[in-house]
Amino acid sequence: MFVLLGFVWHRARAAIKLNLNKCIVLGLFSAQKVLQNNTIQTSRCPRHLKIKNWETGTILQDALHHEAKEVLNCQNKVCQGSLMNPKGLIRGPREEPIPRDKLLHQAAEFIHLFYNTLQKAETEEHTTRLEAVAQEIERTGTYQLTKEELIFATKQAWRNAPRCIGRIQWSNLQVFDARSCTNAKEMFEHLCRHVEYATNGGNIRSRILCLLPFFPFSQLCIQLGWRAKYGCFDVLPLVLQADGQDPELFELPPELVLEVSMEHPTYEWFKDLDLKWYALPAVSNMLLEVGGLEFTACPFNGWYMGTEIGVRDFCDARRYNILQEVGRRMGLETNKLSSLWKDKAVIEVNIAVLHSFQKQSITIMDHHSAAESFMKYMQNEYRIRGGCPADWVWLVPPISGSITPLFHQEMLNYIISPFYYYQVTCMGDYNLRDLDKETLLLVVTSTFGNGDAPSNGKTLQNALLSMKQLSNKFRYAVFGLGSSMYPEFCAFACLVHQKLAQLGAFPVSPMGEGDELNGQEEAFRNWAILTFQEINYLPGDHLGIFPANRKALVDGIISHVADAPPFNEIFRLETCRDCGYWAPYKKFPACTLSQALMHFLDVTSPPSQQLLRSFSQLAEDKSEKERLNLLCHNLEEYNKWKFYNSPTILEVLEEFPSIRLSTSFLLSQLPLLKPRYYSISSSQDWEPQELHLTVAVVTYRSRNGKGPVHHGVCSTWLNTVALKKTIPCFIRSAAGFQLPKDPRKPCILIGPGTGIAPFRSFWQQRHFDLEKKGIQGRGLILLFGCRHSSLDHLYREEMEEMHRKGILQEVYTAYSRHPGSPKVYVQDLLRNKLEAEVYRLLHEEEGHLYVCGDIHMASEVAKTLKEMFAKKLSLTEEEAEDYCFQLKVR
1 MFVLLGFVWH RARAAIKLNL NKCIVLGLFS AQKVLQNNTI QTSRCPRHLK
51 IKNWETGTIL QDALHHEAKE VLNCQNKVCQ GSLMNPKGLI RGPREEPIPR
101 DKLLHQAAEF IHLFYNTLQK AETEEHTTRL EAVAQEIERT GTYQLTKEEL
151 IFATKQAWRN APRCIGRIQW SNLQVFDARS CTNAKEMFEH LCRHVEYATN
201 GGNIRSRILC LLPFFPFSQL CIQLGWRAKY GCFDVLPLVL QADGQDPELF
251 ELPPELVLEV SMEHPTYEWF KDLDLKWYAL PAVSNMLLEV GGLEFTACPF
301 NGWYMGTEIG VRDFCDARRY NILQEVGRRM GLETNKLSSL WKDKAVIEVN
351 IAVLHSFQKQ SITIMDHHSA AESFMKYMQN EYRIRGGCPA DWVWLVPPIS
401 GSITPLFHQE MLNYIISPFY YYQVTCMGDY NLRDLDKETL LLVVTSTFGN
451 GDAPSNGKTL QNALLSMKQL SNKFRYAVFG LGSSMYPEFC AFACLVHQKL
501 AQLGAFPVSP MGEGDELNGQ EEAFRNWAIL TFQEINYLPG DHLGIFPANR
551 KALVDGIISH VADAPPFNEI FRLETCRDCG YWAPYKKFPA CTLSQALMHF
601 LDVTSPPSQQ LLRSFSQLAE DKSEKERLNL LCHNLEEYNK WKFYNSPTIL
651 EVLEEFPSIR LSTSFLLSQL PLLKPRYYSI SSSQDWEPQE LHLTVAVVTY
701 RSRNGKGPVH HGVCSTWLNT VALKKTIPCF IRSAAGFQLP KDPRKPCILI
751 GPGTGIAPFR SFWQQRHFDL EKKGIQGRGL ILLFGCRHSS LDHLYREEME
801 EMHRKGILQE VYTAYSRHPG SPKVYVQDLL RNKLEAEVYR LLHEEEGHLY
851 VCGDIHMASE VAKTLKEMFA KKLSLTEEEA EDYCFQLKVR
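Take 1 as the starting number for the sequence shown in full-length UniProt numbering and just add one per residue.
Since the hints were derived computationally from the structure, they do not count as laboratory data. Take these hints with a grain of salt, some might be off.
Label pairs and their computed distance ranges (CB to CB) [as the list claims (entries may be wrong)]: (1) Phe506 to Val444: 10 to 20 Å; (2) Val175 to Val257: 18 to 28 Å; (3) Lys336 to Glu259: 27 to 37 Å.
Below 25 Å or equal to it, Euclidean Cα-Cα: the simulated SDA-like pairs (lysine to any residue) are [stated by the list, open to error]: (4) Lys741 to Gln241; (5) Lys706 to Tyr644; (6) Lys823 to Ser790; (7) Lys640 to Arg627.
Using N, Cα and C, we set each Cβ at its ideal position, and we do this for glycine too.
Construct the entire structure; sequences and hints are all you get.
What follows is the structure, encoded as structure tokens:
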């Protein structure tokens, strides 16, 4: 065995030397010609393709394309260069390890490129490194890049990216090596630091973060419990998966997301569109291939070119599609294409984007400057490397066309290593071997032909039928779609259901069948209710509730509607499309007017300036119209009015009674009623059949305490809702606000008032773990605050019981309105009683600190912590802030 290993090792060394010699020959001559007598004629001029600029007449000669590694999607008779996702640019991670001899060859090519760039090719250092790589591949089947090689590879891959117009900055890319990550939480911490570093207060820095190679990514947001916030500009969560573990969901802290509100330098009304965008253009689906290695977790950012937002994001018909609205507000002839209204409007949108970013000193580049910089970069690349891969279709900006120099420049598109690939996975590509990693499988499928799978399920069908057993007995549920007019009704769904049961998987519910001839949607709804009857949550999670508006408020609004239908008449709102047909308005279902106002529409939030502008057009009284026009055009006056009155829609109608409302206007213009979120204050293990909330019923008077009484929408509804009434709600996971997995870790809980809610779930969970599982966790330290000990000291008896049992190690209480005593707040307790202990638990023992409550309290606690750590560690204010941030993402 030892002799055999030695023999293989020597063969590997010989292969390396052969490749090196071949590279040297190509480097010197690059092209050879075989003559008729089989002799080889070497040319000192490389074979090249001529690239012409039709505006200047400049000719460039491309020889770099000979290094191309992939075949792009064009064919002999068809050019497919304008495809969005050509096969050559898209690939997922390999399903099988690369053979060692192939990996060795690719590694040797990369190592040679690295040392050749450093002008150290053929040196002893180069040879030694090659031998070390070959030995590591022989021993382990793979190899590790040095940090210097990784930095070189990431920069080189950006340099080789044919679709990037900003590559002139490739050498300035900042690379952060995070290959030591072993779990999703560590990845999230690195990503938070990435976002913070790259955002840089608006002075955007290009950065790439290299995580584990061979990293499989799955889009499982919904299955992981994320719920959209139903806004136009929601920040998607990160779904991270490390080393074959289950994927985990993380929401970015709001303070890391720098947003830019859009305004126009001359059009005041542009603000009323309520547009905004994100300062940092982050890309998370790139795969870095280098030297036979794959890094599939390689988040990257640069900075925006204005047209990416202004043309594509805001104006594309399949995106925000604001072009017609902007044209209408500009007074353009939007019904006449020859007026070129689209061109005028899109220019103003781009001016607004550039102006908004520049006003906040956030890095952005206009498309003319970007085009000029790319031309300089391209010419420099031809001078240095003899070529520059470039995708003309992608690089030419979406506006201005031939007045940018890129339009006139011929380009060659090819792939050379290192390279960033896009990762796209089709549902039909699901690998059935991954079934052993699943915990829950849901199958919703139709049936084709004589009981066959649909076209994208053929591979799944064949693989499933060939399976003999499952090593992991997961849970599953199947729902079939079909028509009972065919004899093989839902046959494929039945096949899947029976096969999974035969393999030993556990059905969550009986198989469901949806007949398109007989209530398919109702059948699916019943199956879903049966399948998803359990509600699962963890301590620290939130409950999102869809509340109802007060009946008195709804009735008052309806009394101002001129054409209000009868109270029990059900209607469906429709909108007329451009092509002339009417389509259902999908914001809410068919219902009565009172149901729409009570359950679906927000009637308590102060109206926006845009809505006030619409109201002004409906007002019949001249003085009211003038007042409404002032409010919708003067931001300062609007804010004074809004914050003083905090008016509901009913109060606006009472203040301006000449407004003539129609039912269709009201239903189409009012915003949707958003869910309200509450921290769950119970443990599912301790209370398996119940879910507890701790809610303060909100009431207040506007106009400095002299105005009408306002009621909190959800808290008032919960306080008055009838017993056994169904509460429409959902669980929102709070992955960053849960008990540590190690119960021995110290925890400090800070929650005044109803902020105590999640911490009640914490101590109930620890109580359950102690009583039912025998797990003795470390005692929790609780800081609670309220006004008066006998008035609003929530859960006092429970706290005392948990303290006696050792679940709560210490309980500190701050009373802010106790007779005969000075006001004390939770931050005072931190400073005066716990400074040394907080320092020890967080700094030395890597404990956890949780804060729940209003924003003012949280900011005061954060300020106190920074002062404490600055004092203890002798830090400057900036260093203390950075230290606290590191604690937060740790």
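Violated constraints from the hint list, given by number and in increasing order: Result: no hint breaks.
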